[in-house]
Structures are given as structure tokens and as C-alpha cells.
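> Residues 1 to 459 in full-length UniProt numbering are what the sequence shown spells out, letter by letter.
Don't read these hints as lab results, they were simulated from the structure. Quick caveat: nothing in here was measured; it's all calculated off a predicted structure. Note that the Cβ used here is the ideal one computed from N, Cα and C, for glycine as well. Treat the hints loosely; a few may be bogus.
As the list claims (entries may be wrong) - Cβ pair distances, simulated, as ranges:
{"no.": "1", "residue 1": "K277", "residue 2": "N452", "range": "44 to 50 Å"}
{"no.": "2", "residue 1": "G229", "residue 2": "D253", "range": "51 to 57 Å"}
{"no.": "3", "residue 1": "S290", "residue 2": "S254", "range": "39 to 45 Å"}
{"no.": "4", "residue 1": "A278", "residue 2": "T362", "range": "15 to 21 Å"}
{"no.": "5", "residue 1": "E212", "residue 2": "Q50", "range": "19 to 25 Å"}
{"no.": "6", "residue 1": "K437", "residue 2": "T126", "range": "35 to 41 Å"}
{"no.": "7", "residue 1": "E212", "residue 2": "A274", "range": "36 to 42 Å"}
{"no.": "8", "residue 1": "Q267", "residue 2": "H129", "range": "24 to 30 Å"}
{"no.": "9", "residue 1": "Q347", "residue 2": "E289", "range": "35 to 41 Å"}
{"no.": "10", "residue 1": "E132", "residue 2": "K270", "range": "46 to 52 Å"}
Claimed, not checked - Here are the simulated DSSO-like pairs of lysine-lysine, each with C-alpha atoms no more than 27 Å apart in a straight line:
{"no.": "11", "residue 1": "K236", "residue 2": "K256"}
{"no.": "12", "residue 1": "K437", "residue 2": "K106"}
{"no.": "13", "residue 1": "K310", "residue 2": "K236"}
{"no.": "14", "residue 1": "K115", "residue 2": "K425"}
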Amino acid sequence: MTRISERKVQSRTAGRDHAKSLESQLDAFQCPQISLQGEVTRSVSTNWQQIAIPRFFADYVSQSNMFTKGNFRFLPDIYNQRMSSPHFDEALRAVAFMSLANQLGKDDLSVEARKLYGSAIVRVATQLHNVEGAIDDTVIASSLLFSLFEMISIKAVPKGFWNVVHDFGRISLLRARGKQKSSSSVVMNLFSLVLVHHMIKCISSHTNPREELLLWIDQSRSQDVDRSGPCVQFLKCSWGIAKFCATAQVLFDSTKRDEQWVLNLLQLVKGGIAIEKACEEWSDSTLRESAEWSYKACRLRFIGAKISQKYPPYFYHDTYVAWTWNYFRACRIRLHEVLLHCITLIQSHPRVQSLSLDPKITSKESRSIIAEMVFDICCSTYFCVGQINSEGEPRTQRPMPHWGYQALWPFYVAMISAEEGSESKAWFQDKLEYITKSMGIELAGMLAKMQNTDPWDIR
Numbered sequence: 001m002t003r004i005s006e007r008k009v010q011s012r013t014a015g016r017d018h019a020k021s022l023e024s025q026l027d028a029f030q031c032p033q034i035s036l037q038g039e040v041t042r043s044v045s046t047n048w049q050q051i052a053i054p055r056f057f058a059d060y061v062s063q064s065n066m067f068t069k070g071n072f073r074f075l076p077d078i079y080n081q082r083m084s085s086p087h088f089d090e091a092l093r094a095v096a097f098m099s100l101a102n103q104l105g106k107d108d109l110s111v112e113a114r115k116l117y118g119s120a121i122v123r124v125a126t127q128l129h130n131v132e133g134a135i136d137d138t139v140i141a142s143s144l145l146f147s148l149f150e151m152i153s154i155k156a157v158p159k160g161f162w163n164v165v166h167d168f169g170r171i172s173l174l175r176a177r178g179k180q181k182s183s184s185s186v187v188m189n190l191f192s193l194v195l196v197h198h199m200i201k202c203i204s205s206h207t208n209p210r211e212e213l214l215l216w217i218d219q220s221r222s223q224d225v226d227r228s229g230p231c232v233q234f235l236k237c238s239w240g241i242a243k244f245c246a247t248a249q250v251l252f253d254s255t256k257r258d259e260q261w262v263l264n265l266l267q268l269v270k271g272g273i274a275i276e277k278a279c280e281e282w283s284d285s286t287l288r289e290s291a292e293w294s295y296k297a298c299r300l301r302f303i304g305a306k307i308s309q310k311y312p313p314y315f316y317h318d319t320y321v322a323w324t325w326n327y328f329r330a331c332r333i334r335l336h337e338v339l340l341h342c343i344t345l346i347q348s349h350p351r352v353q354s355l356s357l358d359p360k361i362t363s364k365e366s367r368s369i370i371a372e373m374v375f376d377i378c379c380s381t382y383f384c385v386g387q388i389n390s391e392g393e394p395r396t397q398r399p400m401p402h403w404g405y406q407a408l409w410p411f412y413v414a415m416i417s418a419e420e421g422s423e424s425k426a427w428f429q430d431k432l433e434y435i436t437k438s439m440g441i442e443l444a445g446m447l448a449k450m451q452n453t454d455p456w457d458i459r
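All chains, full assembly: derive it from the sequences and hints.
What follows is the structure, given as C-alpha cells:
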């Protein structure tokens, strides 16, 4: 009995110490410094907000020496004004509670998170009735938190999941704002993250991107937008891929497959080849002109970590650089999967020989590029899930869930395109399962189980 009492006292003490530690982290978070966190300690505290909010900030607001946009770094600024926006407060608590619930295995906290999520959606819907309220930063921020909540908590992946349900609403809100507040740091960060979600949605669902988004970047007065830099140039490549996939889908869905249909497909293939050349030029020029965007391969022995001799780990100067490269690779995979389907349709059409058509690109070339991109993403997994740092050395800290969140789409695209039964397919399935188990993101585990009979179609 004495030993049991001692253990209970030690447990209570540890819980109080951890709660105090997390409170001090929240105080420290008011400054821009955030460090990686250790394992979550199971606390006896019932004040989950004191624990969950700073934990969420530490998990999802990652720092970068190169990137200040396109991530969740807008959250601290908005959080400090949360008393005037209860919808944002509830959205933040919902996603923070759910993230912590998944990491701790706390079902009761998960239930509370879902209640907050439902209440926050109702509050945002009410906010949309007022024009001034609708264009407030907190509304778009809440919408982005809703998407994150759904990724963390989802139990089944419906068809068309990548056709993000909140995307249309966010674009409408940006359109309603016009040029108001267009150059503030928070707004540019929100806009960049909305843009990332929008491009994933368009490329995955084969729908046309909103032209005004690209126009807003060109017209932006913000000094933070480097229009000639790698990010904006990559955006233009991905924009072309999204439009290519959307145009292809119209032809795929057509029931009138005459000579003109074949000619349209051939013209589309030629356009796809031009986009591939632009992608290749982006890759070559980025590696040639910017040392910060380069990456290296290293060979390491990880203690207690699975490593394949086939995939030498790539390490990068910055996690956001790694993510951008992997998004580029995933976009390129999508381009060539759709190109392959175009070529198959052209070559199988009964009128092709009489028309003497030649798509001037072989399936072998597209498959080779897909295999190369899958290989590069495989080699990047070590860095992207936090097994190695920017020096190519093993990390000792617990990986941030934000890393897993950013890795989901590239890993999924590469897994679907990897050959059936291959080591690379099993590799991505293993990494996605790891993201669920170690970072509490349920979507990753769901994606690991998904199988597509047609790699060109992930709608």
C-alpha cells in the first residue's frame, strides 16, 4: 500500500510540474521563440485548455529561417485578440483538444473537441451574415483550423476528400475582401496557406484554379512577395499542371470520341510536354542558383529506426524547403500520370493510324520521371518526419505533428503511383502509419490503407 501511495503522489507531482511547464511554454510563446517539445506527459489536470493550447502551438507553429508565409504562424497574432472572436477561440480549442486527445488516447477529450468544433462552425455561419464580420481575419483562420481538425479526427476518407469542402468558402471570402488589408503579415500568411490548400484541391480533383489568386500575387504590394523567387515560380508551374489536369478531365468525360477529340488530346499532350519542360527548368535553375534550396544525400545508421539501403536520406537547409520540393515532385507525378492516360487513350483510338498521329512522348519517359519523383520523395521521408535534421544527423527531439501534416499529400501521391507490391509503396504506407501513431493525425493512417486502381485518378 505504501508503494502504491508513493506512486500516486509521484504521479500527481509530475502532473502539476508538467502543467506548470506548459504554462511557462505559453508565456514563452508570446515571444517568437518556439522549441521542439518532448513526449506528452499524462497529466491529472482537468484544465485541458492550459495544456492543449500551448501544446498545439508547439506542435503546429514551426519556425523557418527562409519562409514566413504559408504556415500557421499567423495563429499567435490572432490568438492574442481571441476575446473579440469566440468563433476562432472555439475553433482553436477544438483542434488543440483533438490533437492532444489523439496523442494521449483520451476519448473524453475527443468528445469535448467535437462539441467545440460543431459550436465553432455555427458561430462562423452566424458571423457570415454580416459583411464586416465575414471578411475578418478570424473567419478565414477558423476555416483553416476546421480543415486541420478534419484531418486530425477523420475516421474514414470519403471519395473526393481532396476536394476540400471549405476551399470554395475561403476563396469567396478572399474575393469579398478585395484589396482590403492586402499587405499585412497576417493576411499574407492566411492567403498563402489558402493558396496551398487550393492548389492541392485543384490538382487532386482535376478542377481549374481560380485565376484571381494568381492575379492577387502579381498585384500584391507586400514586400515579402518575391515574384522572381523559387516559390512564386513553382506556383506558376503547379498552376499550369492544375489547368492541364482540368482540361484533360473534360476530354476524359466526353462521350463524343471522334477525330477532333483525338486531335484535342494530342494538342493537350503537347501542352503537357511544355509544362514538363518548365518543371525541369525550375528544378535545374533552383538548384543552380540557390544554395539554400539545395539538398544532399547521406548514409546513416539509425538506432531503433527503420531505414532502407535503397533510399539514401536527403537532408535540407529548412523543413519548408523540403516540403516545397516534395510538393513539386507530387505535382510532377500528377502531371505524368494524367499524361500517361492521355497517351493510352490516343494510342488505343481506332482512328489514330489513319490520322498518322504521334504524341511524341513515350509512356516509358513518363514512367521514368514518375519513378524518379517517387524515389526522391522516399529519400526525403527521413527529414520530413523528423528523423534527421538539417545537418544530416539523427534528431533527438520528438517530431512535430506539423511535419506530418505537411507530408500527407506528397506521401499519398507518391504511394498511389508507386508500383504495386514495391518497396517504395510499403515504405510510404509505413510512414503514413507512423504519422498517425506518433503525431495523432488520423487521416495519415486512413490514406495508408487506400488503394487506387487508376493512379491517374485520385479524385
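> Now look at each hint and say whether the structure bears it out.
Consistency of the hints with the structure:
1. K277 / N452: 44 to 50 Å: 28 Å, violated
2. G229 / D253: 51 to 57 Å: 37 Å, violated
3. S290 / S254: 39 to 45 Å: 43 Å, holds
4. A278 / T362: 15 to 21 Å: This hint holds: roughly 20 Å between Cβ atoms.
5. E212 / Q50: 19 to 25 Å: 42 Å, violated
6. K437 / T126: 35 to 41 Å: 38 Å, holds
7. E212 / A274: 36 to 42 Å: 24 Å, violated
8. Q267 / H129: 24 to 30 Å: Hint violated: Cβ distance 47 Å, outside 24 to 30 Å.
9. Q347 / E289: 35 to 41 Å: 39 Å, holds
10. E132 / K270: 46 to 52 Å: 49 Å Cβ-Cβ, so the 46 to 52 Å window holds.
11. K236 / K256: Violated, because 32 Å separates the two Cα atoms, which is more than 27 Å.
12. K437 / K106: 14 Å, holds
13. K310 / K236: Not satisfied, since the Cα-Cα distance of roughly 33 Å exceeds 27 Å.
14. K115 / K425: The hint is violated at about 37 Å.
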